[in-house]
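Student: Spelled out from the first residue to the last, the chains are:
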Amino acid sequence: MPLIMARTGECNTIIRITGKDETKRFLENMGFITGGDITVVSEMGGNMIVNIKGTRVAISKSMANRIMV
Amino acid sequence: MEIKIALAGNPNSGKTTMFNALTGSSQYVGNWPGVTVEKKEGRLKGHKEVVITDLPGIYSLSPYTLEEVVTRNYLLNDHPDVIINIVDASNIERNLYLTTQLVELGIPVIVALNMMDIVNKNGDIINTEKLAKALGCQVIETAAIKGTGVKEAANKAVELVRLKRITTPQHVFATDVEEALDIIQGQLSKTVKASQKRWYAIKLFERDDKVMSTLGLDAEIQKKIEKIITDCEKIMSDDAESIITNERYEYISRIVKKCTIKKVTGMTTSDKIDRIVTNRWLALPIFAAVMWLVYFISISSLGAIVTDWTNDVLFGGWVTNFATGALESVGAADWLIGLIVDGIIGGVGAVLGFLPQMLILFFFLAILEDCGYMTRVAFIMDRIFRKFGLSGKSFIPLMISSGCGVPGIMASRTIENENDRKITIMVTTFIPCGAKLPIIALIAGAIFSGATWVAPSMYFLGIGMVLISGIILKKTKLFSGDPAPFVMELPQYHIPSLKGVLTHMWERGKSFVIKAGTVIFVACGVIWFLQSFSWGLQMVDPSESILASIGTVIAPIFAPLGFGTWQATVATITGLVAKENVVGTFGVLYGISEVAGDGVEIWSRVAADFTVVSAFAFLVFNMLCAPCFAAIGAIKREMGSWKWTWITIGYQTSLAYAAAFIVYQIGSVVFLGQNFTILTVIALAIIAFVIWLLVRPAKKLIPVVAAQH
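Just so you know, the protein sequences line up as chains Y and S, in that order.
The first sequence begins at 1 in full-length UniProt numbering and counts up by one.
The second sequence begins at 1 in full-length UniProt numbering and counts up by one.
Read the hints as simulated data drawn from the structure, not as lab findings.
Ideal Cβ positions, reconstructed from N, Cα and C, are used throughout, including at glycine.
Among the hints, erroneous ones may be present.
[Unchecked claim] If you want the footprint, here are the derived chain S segments under chain Y, 3+ residues with CB under 8 Å: (1) 58–68; (2) 86–96; (3) 236–248.
[As the list claims (entries may be wrong)] Examples of chain S residues toward chain Y, derived with CB under 10 Å: (4) Lys258; (5) Lys262; (6) Val277; (7) Arg376; (8) Pro556.
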């Protein structure tokens with residue numbers, strides 16, 4: 001399912017990130033990689049703050065939709 | 001021999017703090033990613049021959065935003081002798097990702113394991129010896145904020161250069177990848193240094209366009225390399241870039257597991273705060289309350305009290321009386337007394353009077369930036385800004401611009417999307433900066449008898465114009481396309497240090513004082529001269545002066561906006577040098593000093609030239625029109641072309657003219673009961689035109705075939 005449907009506070013594993021662009025590459029560099037853990041800290045109208053490898057990263061709804069967990 | 005040390009690391013890992021500790025300078029340190037957008041150089045304390053370069057933070061050597069390009073170019077082309085890689089130890093896994101790339105550059109690397117104080121406080125343990133062995137480079141524990149380990153890191157770096165020992169990467173990729181890399185390395189020409197071959201091979205494997213073009217390989221070799229990559233991708237069933245990224249992270253996970261013991265923790269305090277301040281219902285009310293409080297304290301309540309005191313008592317009374325008395329007692333000529341008291345003290349004093357108010361505002365802004373809240377606001381605002389064609393990241397430049405437009409424009413570099421960045425640069429100076437505050441305060445006091453709604457209305461006007469411009473500009477052909485997805489690291493909250501906040505406040509306030517002492521000082525002197533003398537260099541009544549005759553020629557341009565007097569015209573034009581000059585000019589022209597001890601009098605003289613409506617139009621125009629020269633310079637630098645600079649200035653000035661025109665023409669009819677004229681009709685037409693710009697469908701790149709049908 002897309003990350004956008006994940007519940008706050010629950011730890012999920014990234015299955016893949018769809019699409020192929022600069023932003024995807026940037027996310028991967030920041031630690032959003034297949035098999036990595038991801039936890040939603042806060043959600044606001046689809047925009048999310050997630051915990052990835054111990055850091056907090058804010059991502060917009062369109063991005064959260066592309067992360068499959 | 002000169003030694004060049006480069007400081008590289010993730011954003012917000014403490015590079016600038018370390019830079020300050022090593023060089024003894026006081027560069028601004030903030031708690032959000034992207035504080036440093038340009039490289040800065042300094043010399044190691046006590047070692048003149050060692051040059052240290054502070055670089056903007058990067059997540060990897062594949063740049064995403066402009067300031068990351070600055071860093072990569074420096075590391076590749078400026079050949080630093082050694083890199084100190086600052087690693088945030090409290091967040092070691094993500095930070096080491098960059099380290100794995102830095103060690104491949106063929107430059108000696110030392111890892112400064114920073115923020116060890118936080119790690120120790122959390123009760124985590126990092127085995128630095130094991131880590132050093134696994135990475136293949138020396139690791140030194142530091143806590144830059146307290147200055148521990150910093151000297152040692154620098155000494156070790158210098159020593160490493162003297163020994164000429166190059167760091168060799170310890171990490172090997174999967175066999176298939178290594179084979180591919182070997183073949184690619186073989187294709188590289190002899191111009192590439194042997195120590196850098198591996199790095200270039202990896203970059204080519206990742207299909208890095210910029211590296212590809214700098215190497216200038218033959219088409220045939222390019223084809224060959226592409227074939228190797230696609231073959232490898234087939235075997236690994238993933239794209240080349242992801243293969244490299246995943247392998248690096250897997251490698252780091254192994255190292256981290258081996259070298260660290262981490263206490264299991266639940267939600268951190270930071271997360272708990274985020275639960276509240278980024279809550280979907282509470283986020284906006286909290287933000288509104290915070291901003292209201294900041295502006296209420298610094299502008300309306302406390303700020304107004306100190307500003308009134310400095311203006312009326314300090315400069316209006318004491319300084320003026322003292323200067324007049326002193327000059328008269330030594331028998332100075334009348335014109336000299338005039339120049340000093342009316343010109344310089346009147347003008348500079350009128351500007352400096354607002355310093356306390358500004359310092360209070362800067363103090364609060366520094367707290368907001370330093371504690372980590374500002375990045376959250378960018379996140380909160382993203383949803384709203386997106387509706388207006390902007391990204392949440394535009395918020396940080398806007399917020400900084402409420403202090404000063406120049407760093408605000410510079411801060412736009414962190415916006416990755418070219419279009420978003422350009423729009424942000426074009427609109428960011430609509431937010432009233434510190435230097436525009438005095439203009440607001442003067443008009444509010446003189447014409448609106450200090451009504452508290454005037455200042456906030458200017459901020460709303462600024463924000464409104466930003467949003468309107470966002471929509472209008474996005475719909476033009478120049479900027480079509482969606483804003484880039486929002487991705488931004490949020491730092492941990494921390495209690496701002498008083499020293500940091502005060503330094504930051506002073507840094508911003510200082511430039512204001514320097515401006516008052518230089519540019520505004522000179523400008524006020526010149527204006528006093530021009531308004532006191534006629535073309536025949538006779539001392540005359542201001543209405544017959546040189547300034548009046550120049551102003552009168554230009555004034556008709558502003559007549560449709562309601563302030564076609566030569567004084568207001570001159571004030572507006574001097575505002576281009578620095579916005580504080582608008583008030584300085586008023587101070588000189590209306591004589592702040594002649595009304596010693598009673599500030600109300602200058603106000604009444606200003607009031608005689610304005611109506612409520614024309615004063616508001618004057619404010620609107622001065623808030624929105626072309627910014628000061630310093631900001632125009634920053635726009636030129638960030639836009640990188642004169643064409644875009646002129647587009648920006650042109651857009652801002654025509655928007656300002658249109659808005660002021662509408663305010664004056666419509667306002668005169670509605671509030672002053674004046675007759676409906678042809679100008680009123682034009683104003684209504686402009687409104688209709690703007691509405692059309694807002695609602696028309698966006699320009700999309702429609703395929704030609706589809707358009708013909």
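Student: Is the interface hint for S:Arg376 satisfied, with its Cβ closer than 10 Å to some Cβ of chain Y?
Tutor: Holds: closest Cβ of chain Y sits about 8 Å from S:Arg376, inside 10 Å.
Student: Given S:Pro556 as an interface hint, is its Cβ closer than 10 Å to any Cβ of chain Y?
Tutor: This interface hint is violated because 49 Å lies over the 10 Å limit.
Student: Should the hint that S:Lys258 touches chain Y count as held when the rule is a Cβ pair under 10 Å?
Tutor: 17 Å, violated
Student: Per the coverage rule (Cβ-Cβ under 8 Å, at least three residues), is the region 58–68 of chain S covered by chain Y?
Tutor: holds (count 4)
Student: Less than 10 Å between beta-carbons is the criterion; does S:Val277 satisfy it with respect to chain Y?
Tutor: 9 Å, holds
Student: Is the interface hint satisfied for S:Lys262? The criterion is a beta-carbon contact with chain Y at less than 10 Å.
Tutor: Cβ of S:Lys262 sits 9 Å from chain Y, so the hint holds.
Student: Tell me whether the statement that chain Y covers the region 236–248 of chain S is true, taking a Cβ distance below 8 Å and needing three residues at minimum.
Tutor: With 5 residues close enough to chain Y, the hint holds.
Student: Examine the region 86–96 of chain S for residues whose CB is less than 8 Å from any CB of chain Y, and state whether their number is three or more.
Tutor: holds (count 4)
Taken one by one, the earlier hints fail for this structure at numbers 4 and 8, listed in ascending order.
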